[in-house]
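Participant: In the working numbering, the protein residues as written are -1 to 398.
Everything labelled a hint here was simulated from the structure, so no lab data went into it. Be aware that one or more of the hints could be misleading.
16 Å max Cα-Cα, derived EDC-like pairs, lysine to aspartate or glutamate [claimed, not checked]:
{"hint": "1", "residue 1": "K142", "residue 2": "E49"}
{"hint": "2", "residue 1": "K121", "residue 2": "D98"}
{"hint": "3", "residue 1": "K22", "residue 2": "E173"}
{"hint": "4", "residue 1": "K387", "residue 2": "E93"}
{"hint": "5", "residue 1": "K186", "residue 2": "E238"}
{"hint": "6", "residue 1": "K142", "residue 2": "D110"}
{"hint": "7", "residue 1": "K121", "residue 2": "E70"}
{"hint": "8", "residue 1": "K121", "residue 2": "E93"}
{"hint": "9", "residue 1": "K12", "residue 2": "E23"}
Here the structure is a predicted model, which means the values were calculated and not measured.
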Amino acid sequence: MARVIKTLSSDSLKGRHAFSPEIKEAAKIISSEFEKIGLSYLPGEDDFLQEFTIHTILPESTAVMLNGEIIEPKHYFGVLNGETIHWKTGDVQVEAISQDEDFRKEFRKLTDDEQSALVLISKNHKNWFHRYRNWFASRNRTFKLNQGPSDIFIFSNATANRFEIYFQNEVSATELANVIGVLEGKRKDEVVIFSGHYDHIGIAAPTGRDSIANGANDNASGVAAIIELARYYSQLPKQERSLYFTAFTAEENGGLGSKYFSERINPEEIIAMINMEMIGKPSSEGPNSAWITGFELSDLGSILQSSQTDSSFTFYPDPYPAQNLFYRSDNASLARLGVPAHTISTTPIDLDRDYHTVSDEFHTINIEHVSKTIDAIAKSCKPIIRGTKTPSRINPDSLR
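Taking the hints into account, I'd like the entire structure generated from these sequences.
Facilitator: Given below as structure tokens:
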């Protein structure tokens, strides 16, 4: 386990950015570990890689006119799906996010819709508008170029009586891959997923001569847990439920890997998803504990706690609800489909100074703590894997 963390967080992988050449080497390392354990491929794949293409779309030339007035670029942005947009009044539906509506919930609803739209955003949502505009300025990405809707968002209290929208976009393609190993159970249509992302942020602000954000805790520790759990369960008699050991790519780029994966599964067959992230340091509750995001959204956490064979280890609710961690990791992609999908972590993020910096190095990892956490997860998940306990589903409508 220590060897895997050390290897994945070595300088040679240059921080494992999802869009870097080194991410492929990281995928090979994980695949090699799955091969040694004797895992099978995901049905339909001929190796451990679930490969896909992501298209990055950047506006090259734009013009937006609303009611005869030219709108400044700083007051609009697009969630784009194609190379060119040219809309005139009546071409697309007009929507709005009013001052009293939940911006994030309405934004997701609109971008999930299958129809393109011009969306007017109330100026009461100034902070949210600028935050989202800054994100999409460089992160417009899609799996299916020219095959889905585009949405243009304008920061305005006006009514769109007349409009004309023009976007000429530059498109580039990148090949990415999740790494997935399968331990088949007696029930092929009942699956428990153990997951964690294997990418990190690559190069960061330098400290001295070091500019590589190695990502030992985030998230080589979680990947090591996936591999150790695969090794542990592979040595037991065949279980009732099938197990998918999944290392997602591009979590740091908006959860692209888990989103792609989630679009290619039947969510009704996924019994639970245990996602592991940043388990390299003891939690604020002590060394024999871990916290679970979205604890109250299903009874998965309660099942894990009640199934603990070591009474000294505790699973407890996420102590940082203001950080919205449930929505910031790969579990969210499957939770939105109703899967009881949660992230287990241990790092006291309010105190941790290594997060997304060059100091997230192997020497900061508490190996004994990681080992105890993996052991607790392995044993507490047994009733779920054996089919004697089934977590309650998450209600997607309760999520933002």
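Participant: Each of the hints needs a verdict: does it hold here or not?
Facilitator: Tested hints:
no.	hint	result
1	K142 x E49	holds (14 Å)
2	K121 x D98	holds (11 Å)
3	K22 x E173	holds (10 Å)
4	K387 x E93	violated (44 Å)
5	K186 x E238	holds (9 Å)
6	K142 x D110	holds (14 Å)
7	K121 x E70	holds (15 Å)
8	K121 x E93	holds (15 Å)
9	K12 x E23	holds (11 Å)
Of the hints listed earlier, the one the structure fails to meet is number 4.
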